[in-house]
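*Asks:* This is what each chain is made of:
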Amino acid sequence: MSKPYILLIEDNADDIDLTRRAFEKNHIANDVVVVRDGAQACEFLFDEQRSIANGYPALILLDLNLPKVSGLEVLQRIRATEATRLLPTVILTSSKQDEDLIEGYRLGVNSYVRKPVDFNEFVEAVRQVGLYWLVLNEPPPSAGGGGM
Amino acid sequence: MADAALRPDLSLVLERITDGFFALDAQWRISYMNAQARKLLHARQDIVGEFWLDVFPKARGRLFEREYHRAMRDQRPVQFVEYSATAELWFEVKAYPSPDGLSVYFRDVSSRIEAQREVERTTRRQQALIDFGRAALAGASYDQTLLDGAELIRDMLEASVVDVYHFDRLTGTFTIARSLGWEMGAALDPGAPPLEHLSFVLRTGEPFVSSDLRIDPRARSLAVLEHAGVLSCVAMLIGTLHSPQGAIVCYHGHTRTFSVGDVRFVQSLAQSIAEFSSALESNRLMSEVLESMHDAFVAVDGDLRITYVNSRMANYWGMSVGEIIGTPLSTYTTTFESDEHVLGLYKEVLRERRAMTFENQNRGRWHETRLYPFGGGVAGYVRDITARKTEQQRVLELNAELERRVEERTTQLELANKELESFSYSVSHDLRAPLRAIDGFSQALLEDYGETLDRRARGYLDRVRQAAQRMADLIDALLRLSKVARVPMAHVAVDLSAIAAIVAADLNENDTARTVEVTIEPCLQTQGEPQLIQIVVANLLGNAWKFTRHTERPQVWVGKNSEGEFYVRDNGAGFDMSYASKLFGAFARLHSADEYEGTGIGLATVARIVHRHGGSIRAEGAVGQGAAFYFTL
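Chain order of the listed sequences is A and B. My numbering puts the first residue of the first sequence at 1, with every later residue one more than the last. My numbering puts the first residue of the second sequence at 1, with every later residue one more than the last.
The shape of chain A in the complex, shown without the other chains:
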């Protein structure tokens, strides 16, 4: 069983770098696996062979505005699939649209965080999310373990 990792679903290279930097600054040592669009995310998550080998992510950070398959669609499929439906999933996005908030919670997202423009605030947000979901929060027994 590999070390618990974070799946970052994000298409923007700048945001990927900034997020990684924020993890580093907060000394979050977990691996960060990045997929660059919704289709890749699905491939990654719903490939049973790969999942058996590497396990499921301990935390999914999901952007909404993704090429090919939208973030909300990915979320919907995560929740509809038996193997992934309990995975802690946090929407990390620029959008603060009511529709996105409502739809995200309706589809069963665990948390919804808006990326601040101010990098210091962004670092703080990433710190709190990491601390909460990877340390403070007890994950469901069947999820995030991988190889099951």
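The hints are simulated quantities; they were obtained by calculation from the structure and are not laboratory data. Backbone N, C-alpha and C define an ideal beta-carbon position, used for all residues, glycine too. No incorrect hints appear here.
Listed below are several chain A residues computed to face chain B (Cβ distance under 10 Å; list not exhaustive):
id : residue
1  : Leu64
2  : Thr93
3  : Gln97
With a straight-line cut-off of 20 Å between C-alpha atoms, the simulated EDC-like cross-links for lysine to aspartate or glutamate are:
id : chain 1 : residue 1 : chain 2 : residue 2
4  : A       : Lys25     : B       : Glu447
5  : B       : Lys94     : B       : Asp74
6  : B       : Lys418    : A       : Asp98
7  : B       : Lys582    : B       : Glu597
8  : B       : Lys483    : A       : Glu103
9  : A       : Lys96     : A       : Asp118
10 : A       : Lys25     : B       : Glu451
11 : A       : Lys25     : A       : Asp118
Given the coordinates of chain A, assemble chain B onto it according to the supplied hints.
*Replies:* Using the frame of chain A, we list chain B on its own:
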């Protein structure tokens, strides 16, 4: 028989019988007459031997002469009843002939005959009254009816003069309506008839009967009528004491004893005239009402035959009223209504005895028909509602057109809204990402290469970051503004005072460095979308807070003026009124960001919300003297 008179025993018998008896010889000379006969015929004692027609000349040419001769000629007894002018009595006569002469027995049957004649007279009068009533009901005019009535009285009572008066209820006077027979004597002034008999019937409602006007104490002035050849009269009120319509009077040229039958006849005739007159009046009234209506009217009996139509209905059917009356309704409903259904509805009203209303279209016009059970039949009111229907149709079409347009607009708007939504979505999402990169990497530069940069370079990087963050604020403000347009509108009661109090409390809490004195008028009630109104109050109060920053004793007032406008007023920096029109545009700012921070979107948002509520907003102010914002919702 002639010498029978000589036989004393026979004479004795004949003197005792109650019949009158006399005997004539073959030469028609009186040979004997008993005492009863002498008495009845007022005959002298010494008439034996005289020619009978010399003694009773009035018998000449009458039944007496003819029948006696027939008896002698045929030598057969005769029997007859005849009026004797000599005795002024009716006699029943039996005469027995012999070759020697004639024996005549007779007795007074006047009372029997009179009774019989009275019965005949009464019967005749009854019949006349019935005929009179029928004629009146058959539609004779009122004038004709009065004339007929007057003539009938004259004929039946053998009156010389008959007057029919009309009573005028307004003036309380009688005027002559019809007069018959005055030409026989000196004319009575018809303009000023003696009134005693008329006032009597008007006062009592009883018939006034006078057999001799010359001596009647109730009507002394009527004595003058003697000069007009009038000596007796009967007067009768037409109508009732409560509702007198007139009077009828018959005068006679001789004194006359009026029988109960006579008086009753006049009474009955007066009643007939009164009834006819009432019927005529109510008919006239009804007819007038029905003719004056704008509705067409038809009445049918239980067999659906037409008993009445007004001229409007007749016009509609294209026939005269006279042609229509009495014909079956089906003639018109099948010809004109082009709808058997209508006839069925008449039948239904007839059967159910229940009113109903229906509309139908016929020959290009719309009609509303109301049917009522009426008497044994149905009354129908038909109103032309084409104008109303056309109007309704026009309104319906207009509504449909409007709805279509609204739908079109809604679709367009929805489309535009969708576009705007996706636009704001991409603004919120896509514009922020690069800003975050600018900010993030500037910070990364500062952190990772800070020591190789000088103070100025670091200052520039700080300004890059500030600009990025300010742009992020602007984007958020713009998003809020666009959201204002898309929030669904609720119209509920909103307590503006309560909202202002909460907003003011928040502002005070976030700005503990100073105290702003806020005065909020209580109970400011309005209607609208609470979420949006909250934004209005927050923006206006927020501005007041901001622009009183440099005021020594900052004060803010929230209230409602006499024109019904709500206001938020402060004693802060104020503004130049010449720029007032620019206040409500997006990104419009009257102060530099260094002086007072802000996006320039707040008042644009406020104005948009106020306009969405159908209200208006205006600003008043002067530099250094505070600002006031007035708005309605």
